[in-house]
Amino acid sequence: MYHDNIIYKKKSNDPQFLLGVAVVLFLGAYLMNLGNSALSHFLHPLLGNAPDSLTARNVAIGLGIAVLGTLNFHVLGRLKFKVQTTVVWIELLILFLAFFDTFDLSYSFILDKIGFLIIQGAATTLYISAVAIVLAFVLALVGAVAKLSNNGLANALASFYTSFFRGVPLLIQIYLIYLGLPQLGYVVDAVPAGILALSLCYGAYMTEIFRAGIQSIPVGQWEASRALNISPFKTLSRVIMPQALRVIIPPTGNQFIAMLKDSSLVSVIGVWELMYLAKTQGRADFRHLEMLITAAMIYWALSFILERVQARIEKRVNRSVARG
Amino acid sequence: MTRTDTAQQRDLAPAAQTSPSMISITGLNKWYGNFHALRDVDLNVATGEILVVCGPSGSGKSTMIRCINHLENFQKGHIQVNGITLTSEAESVSAYRREVGMVFQHFNLFPHMTVLENLCLAQKVVRKRGKQEREAKALALLEKVGIAQKANEFPSRLSGGQQQRVAIARALAMEPKVMLFDEPTSALDPEMVGEVLDVMKTLALEGMTMVCVTHEMGFAREVADRVLFFDHGKVIEQATPAEFFKNPQTERAQKFLSQIIGH
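As you go down the protein sequences, you meet chains A and B in turn. Each residue of the first sequence is one higher than the last, beginning at 1 in our numbering. Each residue of the second sequence is one higher than the last, beginning at 1001 in our numbering.
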């Protein structure tokens, strides 16, 4: 989005609008019967003892939410952009934690297992994803060049490949590779099978990303290289790809994050990655939710780190433009 | 520099008229689908000659210049540059493109490389020159086109005129025998046209064989040995600039000239 320079009147300072917000919040809370929910439990300290009738509790929680929500909105409106985003992030995180807290989780159980989940599970997940993304990158590069070439054989191979691996669920691909390859006489271990399935599948998606990236470079760049007698291969590697990367990296980062989470599918063939451990560790003590939430948090943290890494790479690749 | 100065200085240099053809085109025909873009173009350009090609847009002048560099295919005819005949085989095209440098309307610099890297890439991967040699060559050429101080900038930091001068230097780094200019000043702000034309004049003085598609009639008058006028894919008129501007033969050329010079 490209913002205009107009200064709009702040809605968060408009009493009528604030009243509207308060009414909506109140009605929302009332109609959703929040008086029965765990939320009212959190607001008890503010409201005194819980009244007996549901209507009274609904009114009480509705008022509480309306007042807090409207106040929050009003105050946020007075802050700077950066502070606004930080505060809202923190508020949402607190709500999230409060939500998890209602599950009555055993934190000692989590503390007990989290080390193993990270050292064995997250490490395996990262390892599988990292190897797979490198392979997928290579497959995508070859696939894209093959798809764009005017060689019918290469084009057919590449388009068949992308069609199949984009068209079949990853879960089935994993089974096919793990259970199918032994039929041909190759017994693959679970980890290589998982890596193979992930790289083939994501290589197929990324082929399309790379193809679009290469095609986004103006023909003038090809012509200039040609006029300088630079070979097609060198043109691709020195002129086109470095520029195409600017287009390719954001969606590739996206794919990597998606792959990190899709690597949980590999748990079906018994790889001791994060998802597999989360399922098995919780099973014995009927502490499924504890482990699943912990795994969710670890996945989220890993994705968050990857987002940061992606942002840095983007910045680097963009440097010729950023200076302009 | 006045017109007579330039012409005289160049005439003192080993002269163009008697030298053999640097470019020779015979019976060149090209179609885009059903559209007949070039019709029986015959052309000889002598070594050291400065040829200006003009004509209305869509008349085939750019197409012809792009054929000379094999950036466009053609269906009929022969093109020779410096005695090498152009065919579509890879080795032939490569040997052939060594002789020909090209400057584009939109510069087509490599935006992800600094100016210096722009000048060094082809020297490295095509001519296999060592780092020191290619950088020395690049810096000397940047000096020549007057932007040595921008060697480490990215193209996006340069004005249009500066970018086009870099593009000229980049082509010269390959030591071509012929330079093709495809509307080199058409994408420039008016105040930047002069600096690019000055570089081209310097090249002309040094005896480079040049084919320039351009609407800069001042440049044609001052520097060109011959002006070629294109219409509907045909060369309909060719003459020395003096004759062409004073006394255009065809009605089409008269109309064309009155329109551009009227502005």
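These aren't lab readings, by the way, just hints derived from the structure by calculation. A couple of the hints might just be wrong.
In silico lysine-lysine, DSBU-like type, Cα no more than 35 Å apart, as pairs [unchecked claim]:
#: 1; chain 1: A; residue 1: LYS147; chain 2: B; residue 2: LYS1150
#: 2; chain 1: A; residue 1: LYS234; chain 2: B; residue 2: LYS1246
#: 3; chain 1: A; residue 1: LYS147; chain 2: B; residue 2: LYS1076
#: 4; chain 1: A; residue 1: LYS234; chain 2: B; residue 2: LYS1150
Do the hints match the structure? See the list:
As the CA atoms of LYS147/A and LYS1150/B are separated by approximately 39 Å, the hinted pair breaks the 35 Å bound. Taking the CA atoms of LYS234/A and LYS1246/B, the gap is near 49 Å; set against the 35 Å cutoff, the hint is violated. For the given pair, LYS147/A sits about 31 Å from LYS1076/B by alpha-carbon distance, which is consistent with the 35 Å threshold. A distance of roughly 25 Å separates the Cα atoms of LYS234/A and LYS1150/B; the hinted pair therefore holds under the 35 Å criterion.
The earlier numbered hints that this structure contradicts are 1, 2.
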